[in-house]
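The sequence shown begins at 1 in UniProt numbering and counts up by one.
Any given hint could turn out to be false.
27 Å max Cα-Cα, derived DSS-like pairs, lysine-lysine [stated by the list, open to error]: (1) Lys33 - Lys64; (2) Lys123 - Lys72; (3) Lys72 - Lys124; (4) Lys93 - Lys123; (5) Lys72 - Lys93.
It is worth saying that the hints were derived from the structure and are not from the lab.
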Amino acid sequence: KSLKSMAKSEGSSSSARSSYKKKVDGPLCYCNKRSTPAKAWTDDNPGRRFWCCGSHGFVDWIDKQAQNECQKQSLLEARGVMDRQREEIRNLKQLLSTASQPATSEDSTALLLEEGDRLAEEKKNNV
């Protein structure tokens, strides 16, 4: 497969998180730009590192071998936990924002207790 076709076919299906990027020079893309390391978080390649062109996406795999099924499942489960935690943080921030608006202290207390009960129940069910 040519680099051009790999960049087009796999670049759109690979999602990268920029937090992985380091100051490392990777291989050149077909456009002659230097690629940088990135990490895929697709269901097929969770956590798999690849070289990414800023303009065209996927260039080549850094990790030549894909993970085995146990590794893949563990990474997908961890991603799910992180997604739920992000949602919980978003909900708590929204609750705090609502609680900081003028309201009776009884209303705020009731909302906080209700959210606390919901989170405790959710945590108990996830254990």
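Hint-by-hint comparison with the structure:
1. At most 27 Å may separate the alpha-carbon atoms for a hinted pair to count; Lys33 and Lys64 meet this at roughly 21 Å.
2. Pair hint Lys123 plus Lys72 holds up; C-alpha atoms about 24 Å apart against a cutoff of 27 Å.
3. At most 27 Å may separate the alpha-carbon atoms for a hinted pair to count; Lys72 and Lys124 meet this at roughly 26 Å.
4. Among the hinted pairs, Lys93 with Lys123 is consistent with the structure: their alpha-carbon atoms are about 18 Å apart, no more than 27 Å.
5. For the hint pairing Lys72 with Lys93, the CA-to-CA distance comes to about 32 Å; that exceeds 27 Å, so the pair is violated.
The earlier numbered hint that this structure contradicts is number 5, and it is the only one.
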